[in-house]
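Chemist: Here is what each chain is made of, one letter per residue.
There are 2 protein chains.
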Amino acid sequence: MKGLRNMLLSGHLGCGRWLLPVLGTGLLVLAMQQSAVAQVPASTQVVRLAKLEIYPNQVEGYKAALREGVETAMRVEPGVLTLYAVQEKANPTRFTLLEIYASPAAYQGHIQTPHFLKYKTGTKDMVKSLELIDTVPLVPGMRIK
Amino acid sequence: MKGLRNMLLSGHLGCGRWLLPVLGTGLLVLAMQQSAVAQVPASTQVVRLAKLEIYPNQVEGYKAALREGVETAMRVEPGVLTLYAVQEKANPTRFTLLEIYASPAAYQGHIQTPHFLKYKTGTKDMVKSLELIDTVPLVPGMRIK
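For the record, the sequence lines run as chains A and B. Quick note: the first sequence uses numbering that gives the first Met the number 0, first residue 0, plus one each step. Quick note: the second sequence uses numbering that gives the first Met the number 0, first residue 0, plus one each step.
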């Protein structure tokens with residue numbers, strides 16, 4: 000790809016200056032899609048940790064409701080970039096979610112969806128505590144391979 | 000793709016039974032690569048949270064060292080699936096990493112790499128506390144779009 004880029008930069012394809020930004024942008028998009036670490040700051044993203052403690056006798060029900068909620072959100076909401084949920088092995092009543100939304104608007108849209116409201120209503124008596132922690136990602140655009 | 004799969008299943012391509020599992024596997028791999036949620040359990044994965052508190056006057060130095068460490072690991076270690084690090088907005092001395100390794104062997108390899116040892120040695124006087132929390136992912140194979 001570097002060779003093609005050099006050809007473009009040096010004008011060897013003879014296509015004129017207008018072609019360079021067009022193809023350059025295409026190559027950049029291609030490179031970003033193929034890389035596990037995108038090269039542009041994801042400055043509009045909302046990145047948050049949610050920490051939950053669930054009542055012990057509600058853990059299995061909570062997991063089912065959470066799984067349905069996050070899988071639906073990932074499938075139907077383009078602006079929900081991840082809802083990566085983990086359960087602690089040593090303390091199975093404790094859950095942490097890494098939530099990444101493309102923008103504040105994507106987050107606001109998410110919390111009005113039927114699947115989120117179903118999850119929220121269905122689990123309200125299962126959740127002993129919920130802590131929402133706003134964060135800044137160290138490497139914006141970091142992905143999961 | 001569903002159309003192609005139906006053609007294969009019904010034998011309309013007339014290629015015999017041997018072709019179905021071969022092409023089926025190829026389509027499955029393709030689908031997994033293109034999906035934000037892989038459809039097979041990632042049972043060998045090691046999924047962990049690391050929680051760190053950094054001394055206040057060391058936060059910027061720590062961020063630089065951590066950034067170099069995670070970017071290098073993501074670039075050169077196929078078995079490091081993510082090292083997604085966040086800094087809390089309200090408590091900027093607190094960091095959390097979601098660490099996903101493809102297998103226990105990938106994790107053992109990671110902690111012997113030059114870049115990990117450089118990070119670990121270079122930051123040992125910056126870290127006030129470190130807590131490592133073994134977890135189980137709710138949706139194995141969940142990705143970041």
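Worth double-checking, as some hints may not be accurate.
Since the list gives no way to pick one copy over another, a pair counts as held whenever it fits inside one copy or between any two copies.
As the list claims (entries may be wrong) - In the BS3-like style, the derived pairs of lysine-lysine whose C-alpha atoms are separated by at most 30 Å in a straight line are: (1) K123 x K50; (2) K88 x K119; (3) K117 x K62; (4) K62 x K88.
These are computed hints drawn from the structure, not numbers from a lab.
Chemist: Output the indices of the hints that this structure fails to meet, ascending.
Modeler: No hint contradicted; all consistent.
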